[in-house]
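> Here is how the chains run, residue by residue.
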Amino acid sequence: MAKTPRTLYQKIWNSHVVEDRDDGTSLIYIDRHLVHEVTSPQAFESLRAAGRKVRRPDLTLAVPDHNLPTTARLDAAGNRLPIADPESAQQLAMLEKNAPAFGMRYIGATDREQGIVHVVGPEQGFSLPGATIVCGDSHTACHGGLGALAFGIGTSEVEHVLATQTLLLKRSKAMEVRVEGQLAPGVSAKDVVLHITGVLGASGGTGYVIEYTGNVIRDLSIEGRLTVSNMAIEHGARAGLIAPDQKTFDYLKGRPYAPKGAEWDAAVAWWTSLATDPGATYDKVVTIDAADIAPSVTWGTSPEDVLPITGVVPAPESFADASKQDAARKSLDYMGLVPGQRLQDVEVQNIFIGSCTNSRIEDLRAAAAVLKGRRKADNVRWAIVVPGSGLVKEQAEAEGLDRVFTEAGFEWREPGCSACLGMNPDKVPAGERCASTSNRNFVGRQGPGARTHLVSPAMAAAAAVTGRLTDVRELV
Amino acid sequence: MEPVNQIEGRAYPFGLKNVDTDVIIPARWLKTISREGLGKGAFEAIRQDPDNLFDSPEYAGSPILVAGDNFGCGSSREHAAWALGDMGIKAVIAPSFSDIFSGNAFKNGILTVVLPQEAVDRLVEVAKTDTIHIDLENQTVTTPFQDRFTFEIDPFRKHCLLNGLDEVGLTLARDAAISSYEAKLAGERGFLTHGTAVAA
Numbered sequence: 001m002a003k004t005p006r007t008l009y010q011k012i013w014n015s016h017v018v019e020d021r022d023d024g025t026s027l028i029y030i031d032r033h034l035v036h037e038v039t040s041p042q043a044f045e046s047l048r049a050a051g052r053k054v055r056r057p058d059l060t061l062a063v064p065d066h067n068l069p070t071t072a073r074l075d076a077a078g079n080r081l082p083i084a085d086p087e088s089a090q091q092l093a094m095l096e097k098n099a100p101a102f103g104m105r106y107i108g109a110t111d112r113e114q115g116i117v118h119v120v121g122p123e124q125g126f127s128l129p130g131a132t133i134v135c136g137d138s139h140t141a142c143h144g145g146l147g148a149l150a151f152g153i154g155t156s157e158v159e160h161v162l163a164t165q166t167l168l169l170k171r172s173k174a175m176e177v178r179v180e181g182q183l184a185p186g187v188s189a190k191d192v193v194l195h196i197t198g199v200l201g202a203s204g205g206t207g208y209v210i211e212y213t214g215n216v217i218r219d220l221s222i223e224g225r226l227t228v229s230n231m232a233i234e235h236g237a238r239a240g241l242i243a244p245d246q247k248t249f250d251y252l253k254g255r256p257y258a259p260k261g262a263e264w265d266a267a268v269a270w271w272t273s274l275a276t277d278p279g280a281t282y283d284k285v286v287t288i289d290a291a292d293i294a295p296s297v298t299w300g301t302s303p304e305d306v307l308p309i310t311g312v313v314p315a316p317e318s319f320a321d322a323s324k325q326d327a328a329r330k331s332l333d334y335m336g337l338v339p340g341q342r343l344q345d346v347e348v349q350n351i352f353i354g355s356c357t358n359s360r361i362e363d364l365r366a367a368a369a370v371l372k373g374r375r376k377a378d379n380v381r382w383a384i385v386v387p388g389s390g391l392v393k394e395q396a397e398a399e400g401l402d403r404v405f406t407e408a409g410f411e412w413r414e415p416g417c418s419a420c421l422g423m424n425p426d427k428v429p430a431g432e433r434c435a436s437t438s439n440r441n442f443v444g445r446q447g448p449g450a451r452t453h454l455v456s457p458a459m460a461a462a463a464a465v466t467g468r469l470t471d472v473r474e475l476v
Numbered sequence: 001m002e003p004v005n006q007i008e009g010r011a012y013p014f015g016l017k018n019v020d021t022d023v024i025i026p027a028r029w030l031k032t033i034s035r036e037g038l039g040k041g042a043f044e045a046i047r048q049d050p051d052n053l054f055d056s057p058e059y060a061g062s063p064i065l066v067a068g069d070n071f072g073c074g075s076s077r078e079h080a081a082w083a084l085g086d087m088g089i090k091a092v093i094a095p096s097f098s099d100i101f102s103g104n105a106f107k108n109g110i111l112t113v114v115l116p117q118e119a120v121d122r123l124v125e126v127a128k129t130d131t132i133h134i135d136l137e138n139q140t141v142t143t144p145f146q147d148r149f150t151f152e153i154d155p156f157r158k159h160c161l162l163n164g165l166d167e168v169g170l171t172l173a174r175d176a177a178i179s180s181y182e183a184k185l186a187g188e189r190g191f192l193t194h195g196t197a198v199a200a
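Here the protein sequences line up with chains A and B, keeping their order. In this text, residue positions in the first sequence follow UniProt numbering: the first is 1, and each later residue adds one. In this text, residue positions in the second sequence follow UniProt numbering: the first is 1, and each later residue adds one.
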């Protein structure tokens with residue numbers, strides 16, 4: 001008898017069930033656990049207090065990223081520079097102490113492999129297709145771009161995984177978001193995922209794991225797929241998934257922690273078998289026409305507040321439900337925008353190219369292609385590029401991209417989360433705007449009072465050149 | 001964890017949609033290495049307004065927050081749950097919650113109650129003047145005005161909340177099942193089992 005057709009999500013889920021319980025939950029095995037300094041100290045403290053060990057330190061990888069300043073980390077003599085903020089310094093020191101104490105691999109602040117945890121995982125081949133991957137960070141969804149079931153967890157769950165290498169979970173519903181057609185020139189993976197977020201809404205994916213399918217997704221590079229899956233959480237889905245294919249295997253082969261030799265072949269065979277079977281059904285299917293996707297920008301304080309760059313600021317009354325009207329009024333007030341204003345007339349003072357969404361080599365290439373031979377506008381006060389990892393930084397420097405950025409008036413920084421989240425020194429001043437390649441435009445996200453417009457790397461570069469939100473198609 | 005069952009008292013009539021975890025607790029408060037004391041950073045941006053709900057003596061110490069759709073969206077920071085707990089909040093009522101936030105709240109003994117928008121709208125009105133009563137055992141929310149709303153909750157979560165159970169301890173007791181899975185995995189998909197211990 002033929003097997004019941006199953007989705008990619010069902011296959012990964014089924015292969016990770018330690019045991020199903022009567023109450024509808026399952027104990028799920030976790031293959032990879034990424035740890036950073038912000039959401040781990042309390043988990044390690046609880047383990048110590050209870051006299052518990054880390055069950056599988058070999059399946060756990062720790063790297064600092066959120067708190068690290070992105071300015072130079074070593075002085076001219078090669079000595080480590082101190083972290084000015086005492087609380088950040090303490091939190092970073094805790095990870096540096098806890099990771100080796102519990103026996104896990106620790107990539108330190110000055111190691112060349114250091115970077116944003118979601119850039120480091122795939123880059124090191126630690127993140128693998130078909131694996132369950134968790135991290136105390138909601139953008140763990142990112143690793144779904146490789147075909148891993150990856151999702152963010154809270155600190156209590158970090159402790160649970162450290163102690164047991166499992167999580168108690170309830171199976172999510174499965175949604176397919178199918179993107180078909182031909183992307184217009186100037187439209188990137190970031191625009192695709194911003195558009196999806198606009199279509200689904202910030203809570204449209206709540207309760208679902210989303211598989212992104214269709215020729216547009218298949219045609220994306222691995223970097224592009226990581227960008228799309230990264231923002232699954234911005235439409236409420238805990239995880240995103242993209243079926244692994246030859247592109248995925250080519251990306252992973254030879255990376256430090258990827259399988260080797262005969263194990264590689266066995267891995268590829270299993271990964272290939274994970275694709276959703278013909279005839280498998282999803283709980284919900286959303287179809288998106290690539291022709292509807294323009295270079296996009298957010299105008300409000302939720303990632304669902306997305307419009308094509310050619311659009312105008314919407315009137316709160318244009319929204320159907322009363323709570324959204326109320327939210328839009330508050331957003332426009334915070335953002336200092338008025339209904340009817342052309343998005344392309346909005347001046348920006350800050351440019352941030354970086355974050356786990358858009359700090360990989362391809363992102364830097366896209367931004368540099370726009371900036372080459374150009375300079376940032378005078379009203380742009382602060383423009384920074386923060387590579388996702390030390391290895392991305394090395395690669396970019398080998399390609400001469402750093403010089404393109406510095407000649408355009410950008411600062412070329414050390415890897416980290418930087419201005420994505422207003423935690424380390426990289427912040428946007430109150431009342432100022434930032435064209436940002438990060439993932440969240442929440443109130444205060446880039447610093448108290450900061451106004452964030454989410455865009456692609458090419459669009460951020462275009463905004464730097466003109467000093468206002470700009471349709472990148474005018475510059476290419 | 002303290003057991004949770006009956007929660008009764010005044011409630012913050014908040015009601016706003018898409019309240020993200022950066023609003024609940026901004027990133028600068030995440031540098032702590034403790035779970036304590038985060039209440040003072042809760043809703044910091046909203047508290048810039050002198051007439052805000054959270055500093056109003058009317059609602060001080062309320063054990064319930066009535067919120068809008070998609071409450072707790074955004075980051076996975078458990079600090080959001082710790083901050084609410086530190087404020088004395090024991091339950092949040094909303095039309096929907098982000099998956100990660102509701103998990104974090106549960107693990108800290110904070111009950112998340114999902115009710116339809118109309119019920120939440122009604123509770124926002126009641127909360128402005130009167131108390132709200134949540135009965136976890138019977139899965140009801142009631143008001144002094146004969147309103148009675150029933151809610152669904154995952155049976156496992158309900159059981160843990162009612163009995164104040166520690167999930168890590170429960171799972172550690174399943175060690176044999178986990179070891180048996182690991183043995184099976186090593187045989188079937190050994191390539192997944194090396195992690196950072198893979199041969200160079």
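Treat the hints as calculated values from the structure; they're not laboratory data. Nothing here was measured: the structure is a model prediction, and the numbers come from that model. For every residue, glycine included, the Cβ atom is placed at its ideal position computed from N, Cα and C. The reader is advised that the hints may include incorrect statements.
[As the list claims (entries may be wrong)] Okay, derived cross-link-like pairs now, EDC-like style, lysine to aspartate or glutamate, Cα gap no bigger than 20 Å in a straight line:
| id | chain 1 | residue 1 | chain 2 | residue 2 |
| --- | --- | --- | --- | --- |
| 1 | A | Lys53 | B | Asp175 |
| 2 | A | Lys170 | A | Asp22 |
| 3 | A | Lys170 | B | Asp55 |
| 4 | B | Lys158 | A | Asp23 |
| 5 | B | Lys128 | B | Glu188 |
| 6 | B | Lys158 | A | Asp22 |
| 7 | A | Lys260 | A | Asp283 |
| 8 | A | Lys97 | A | Asp20 |
| 9 | A | Lys173 | A | Glu263 |
| 10 | A | Lys11 | B | Asp121 |
| 11 | A | Lys247 | A | Asp265 |
| 12 | B | Lys158 | A | Asp20 |
| 13 | B | Lys40 | B | Asp55 |
| 14 | B | Lys128 | B | Asp49 |
| 15 | B | Lys128 | B | Glu58 |
| 16 | A | Lys330 | B | Glu58 |
| 17 | A | Lys170 | B | Asp49 |
| 18 | A | Lys330 | B | Asp175 |
| 19 | B | Lys184 | A | Glu263 |
| 20 | A | Lys330 | B | Asp147 |
| 21 | B | Lys184 | A | Asp111 |
| 22 | B | Lys158 | B | Glu8 |
| 23 | A | Lys372 | A | Asp289 |
| 24 | B | Lys128 | A | Asp326 |
| 25 | A | Lys170 | B | Glu152 |
| 26 | A | Lys53 | B | Asp135 |
[As the list claims (entries may be wrong)] Chain A residues, not near chain B, derived (Cβ > 10 Å throughout):
| id | residue |
| --- | --- |
| 27 | Gly24 |
| 28 | Asp85 |
| 29 | Ala267 |
| 30 | Arg375 |
> Now tell me if each hint is right for this structure.
We went through each hint and held it up to the structure:
The hinted pair formed by A:Lys53 and B:Asp175 meets the criterion: a straight-line CA distance of about 13 Å does not exceed 20 Å. Simply put, A:Lys170 and A:Asp22 have alpha-carbon atoms about 12 Å apart, close enough for the 20 Å limit, and the pair holds. Note on A:Lys170 and B:Asp55: the hinted pairing is violated, with a Cα-Cα distance of about 37 Å set against a maximum of 20 Å. Restraint check for B:Lys158 and A:Asp23: satisfied, since their Cα atoms lie roughly 11 Å apart, inside the 20 Å limit.
The straight-line distance between the Cα atoms of B:Lys128 and B:Glu188 is roughly 59 Å, outside the 20 Å bound, and the hint therefore fails. A distance of roughly 14 Å separates the Cα atoms of B:Lys158 and A:Asp22; the hinted pair therefore holds under the 20 Å criterion. A C-alpha spacing of about 37 Å is found between A:Lys260 and A:Asp283, which places the hinted pair above 20 Å, so the restraint is violated. The hinted pair formed by A:Lys97 and A:Asp20 fails the criterion: a straight-line CA distance of about 36 Å is larger than 20 Å.
With a C-alpha separation of about 32 Å, the suggested pair A:Lys173 and A:Glu263 falls outside the 20 Å cut-off, and the hint is violated. As the CA atoms of A:Lys11 and B:Asp121 are separated by approximately 41 Å, the hinted pair breaks the 20 Å bound. Taking the CA atoms of A:Lys247 and A:Asp265, the gap is about 15 Å. The hint holds against a cut of 20 Å. At most 20 Å may separate the alpha-carbon atoms for a hinted pair to count; B:Lys158 and A:Asp20 meet this at roughly 18 Å.
Restraint check: the Cα-Cα separation between B:Lys40 and B:Asp55 comes to about 11 Å, which is no more than 20 Å; the hinted pair holds. Restraint check for B:Lys128 and B:Asp49: the C-alpha separation of about 18 Å stays at or below 20 Å, so the hint holds. Restraint check for B:Lys128 and B:Glu58: the C-alpha separation of about 9 Å stays at or below 20 Å, so the hint holds. Our distance criterion of 20 Å between C-alpha atoms is broken by A:Lys330 and B:Glu58, whose separation comes to about 24 Å.
Proximity of A:Lys170 to B:Asp49 is assessed by CA-CA distance (about 40 Å); at most 20 Å being required, the pair is judged violated. For a cut-off of 20 Å, the pair hint linking A:Lys330 to B:Asp175 is broken: about 50 Å separates their Cα positions. Between B:Lys184 and A:Glu263 the alpha-carbon distance is near 16 Å, which keeps this suggested pair within the 20 Å criterion. For the proposed pair A:Lys330 and B:Asp147, the alpha carbon gap of about 31 Å is over 20 Å, so the pair is violated.
Of the pairs offered as hints, the one joining B:Lys184 and A:Asp111 is violated, with about 36 Å between alpha carbons and a cut-off of 20 Å exceeded. Among the hinted pairs, B:Lys158 with B:Glu8 is consistent with the structure: their alpha-carbon atoms are about 17 Å apart, no more than 20 Å. With a C-alpha separation of about 32 Å, the suggested pairing of A:Lys372 with A:Asp289 is violated against the 20 Å cut-off. Using a Cα cut-off of 20 Å, the hinted pair B:Lys128 and A:Asp326 holds, with the two alpha carbons roughly 19 Å apart.
Between A:Lys170 and B:Glu152 the CA atoms are separated by roughly 15 Å; this keeps the pair inside 20 Å, and the hint holds. Taking the CA atoms of A:Lys53 and B:Asp135, the gap is about 38 Å. The hint is violated against a cut of 20 Å. With a least beta-carbon separation of about 7 Å from chain B, A:Gly24 fails to lie farther than 10 Å from that chain, contradicting its non-interface assignment. Listed as outside the interface, A:Asp85 is inconsistent with that label: its C-beta sits roughly 7 Å from the nearest C-beta of chain B, within the 10 Å cut-off.
With a least CB separation of 4 Å from chain B, A:Ala267 falls inside the 10 Å interface cut-off, contrary to its annotation. Every C-beta of chain B lies more than 10 Å from that of A:Arg375, the closest at about 32 Å, which supports listing it as non-interface.
The structure fails hints 3, 5, 7, 8, 9, 10, 16, 17, 18, 20, 21, 23, 26, 27, 28 and 29 (numbered hints given earlier, in ascending order).
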